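Asks: Listed below, chain by chain, are the residues.
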Amino acid sequence: MSKESRMKATVNQKLTEMGERERLKELLRAKLTECGWKDQMKAHCKEVIKEKGLEHVTVEDLVVEITPKGRALVPDSVKKELLHRIRAFLAQHAT
Amino acid sequence: MRLSSNHWAQTRVKAKNTTVHTKPNKRPVQARVTLGETRSHMLSGLINTRRLRRCTQDILSDLVEDACLGLCFEVHRAVKQGYFFLDDTDQESMRDFEIVDQPGLDVFGQVYNQWKNKECVCPNCSRSIAASRFAPHLEKCLGMGRNSSRIANRRIVTGNNTNNKSESDQEDNDDVNDNDWSYGAEKKAKKRKSDKNFSCMTFTCNGVLLHCCIGAFP
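Line order of the protein sequences matches chains A and B.
Quick note: the first sequence, position 34, residue 34 per UniProt numbering, numbers continuous.
Quick note: the second sequence, position 208, residue 208 per UniProt numbering, numbers continuous.
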């Protein structure tokens, strides 16, 4: 629906303009490091690199291997907190 | 609910300057508005919870993807610059310094409550005291620590040795009891202070060299 995509664009614009997007990014990064997600993913990266060979690994290889697993491994508590923050922001700035 | 035509005329006039006005049996008509109002009007449509939820989920997945990509770039750079595997050493060293997780040992494998059960003999009262309680005991025993109420302890000690004490001493002691500010007490206190303001003792106990420092700061 183009109306929804327009709305999404507006929301994203507002997020970026108010600096909230950067803050959310930092918050997410901190939470993921804290809960051990980053270490888990790094260990997985090591396996991928050992598999593909240290010299020949490309960014694409890593992205293809890491992103789906990374998405799945985000703990629920972190997801909940971020969703809560986003919803609070929208509630505050949507009206 | 049926409204009078009069009422409708009024509302129509009022509604001219607002964004939306409705007529009975007709769909809502959007009046002409400014761009800013359009934006906030669209955002106010988020009150619809399903759309709100979808929107927040999308934003979250964008952020997570961002984090994953960031990690990929970081790792890739570390690999190409050669510092990714720096913290891995050979297997043997890894095994040497592995964290120890046994009861009674700390993470380095050292015994940490070794002195808890050892007992020392107090040189003053010749009692056997546990090592961890030794310093406070010594404080009280010698009557020199901060909380040791020196006068009372001295009295007990001199009370035990009444045979060796002269009468004058006893009198002085009484003075000390009665009035802390009496000359006799002061003299005694001063004398004691200069003698034993700070005392250190070194002795061995069960083969361990112990050094105790007890001081009363003026």
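The set of hints was computed from the structure by calculation and includes no laboratory data.
Given the structure is predicted, the values throughout are model-derived calculations rather than measurements.
Among the clues, some could well be false.
[Claimed, not checked] Cβ-Cβ distance ranges computed for the label pairs, FRET-style:
# : chain 1 : residue 1 : chain 2 : residue 2 : range
1 : A       : Gln40     : B       : Val208    : 58 to 64 angstroms
2 : A       : Lys80     : B       : Leu210    : 28 to 34 angstroms
3 : A       : Glu55     : B       : Leu105    : 55 to 61 angstroms
[Said to hold, decoys possible] Anything over 10 angstroms on all C-beta distances counts as not near chain A; from chain B, calculated:
#  : residue
4  : Arg51
5  : Gln57
6  : Asp58
7  : Ser61
8  : Glu65
9  : Asp66
10 : Val75
11 : Phe84
12 : Pro103
13 : Leu105
14 : Asp106
15 : Asn113
16 : Lys140
17 : Cys141
18 : Gly145
19 : Leu209
Backbone N, C-alpha and C fix where the C-beta goes; we use that ideal spot for every residue, glycine too.
Asks: Compare the structure with each hint and give your call.
Replies: Comparing the hints with the structure gives:
Look at Gln40/A against Val208/B: about 47 angstroms separates their beta carbons, and that is not inside 58 to 64 angstroms. Roughly 56 angstroms separates the CB atoms of Lys80/A and Leu210/B, a value that falls outside the hinted 28 to 34 angstroms. The hint said 55 to 61 angstroms for the Cβ distance between Glu55/A and Leu105/B, and at roughly 43 angstroms that hint is violated. Non-interface status of Arg51/B relative to chain A is broken: a Cβ of that chain comes within 10 angstroms, the nearest being about 7 angstroms off.
Against the 10 angstroms criterion, Gln57/B falls within the reach of chain A, whose nearest CB is about 8 angstroms from its own CB. Look at Asp58/B: its CB is around 7 angstroms from the nearest CB on chain A, not clear of 10 angstroms, so calling it non-interface is violated. For Ser61/B, the condition that its CB be more than 10 angstroms from all CB atoms of chain A is violated, with the nearest at approximately 7 angstroms. With a least beta-carbon separation of about 7 angstroms from chain A, Glu65/B fails to lie farther than 10 angstroms from that chain, contradicting its non-interface assignment.
Annotated as non-interface, Asp66/B brings its C-beta within 10 angstroms of a C-beta of chain A; the closest such distance is 6 angstroms. With a minimum CB-CB distance of about 5 angstroms to chain A, Val75/B fails to clear the 10 angstroms threshold, and the non-interface call is violated. The Cβ of Phe84/B sits about 7 angstroms from the closest Cβ of chain A, inside the 10 angstroms cut-off, so the non-interface label is violated. Annotated as non-interface, Pro103/B keeps its C-beta farther than 10 angstroms from every C-beta of chain A; the closest such distance is 26 angstroms.
Interface exclusion of Leu105/B from chain A stands, the closest Cβ pair being 25 angstroms apart, more than 10 angstroms. Distance check on Asp106/B: its Cβ is at least 23 angstroms (rounded) from any Cβ of chain A, clearing the 10 angstroms threshold; non-interface status holds. For Asn113/B, the shortest C-beta to C-beta distance to chain A comes to about 31 angstroms, beyond the 10 angstroms cut-off, and the non-interface label holds. With a least beta-carbon separation of about 48 angstroms from chain A, Lys140/B lies farther than 10 angstroms from that chain, consistent with its non-interface assignment.
Every Cβ of chain A is farther than 10 angstroms from the Cβ of Cys141/B; the closest lies at roughly 50 angstroms, confirming the non-interface assignment. The beta carbon of Gly145/B sits about 45 angstroms from the closest Cβ of chain A, which is more than 10 angstroms, so the claim that it is off the interface holds. The non-interface label for Leu209/B is consistent with chain A: the shortest C-beta to C-beta separation is roughly 45 angstroms, beyond 10 angstroms.
Hints 1, 2, 3, 4, 5, 6, 7, 8, 9, 10 and 11, counting from the list given before, are not met by this structure.
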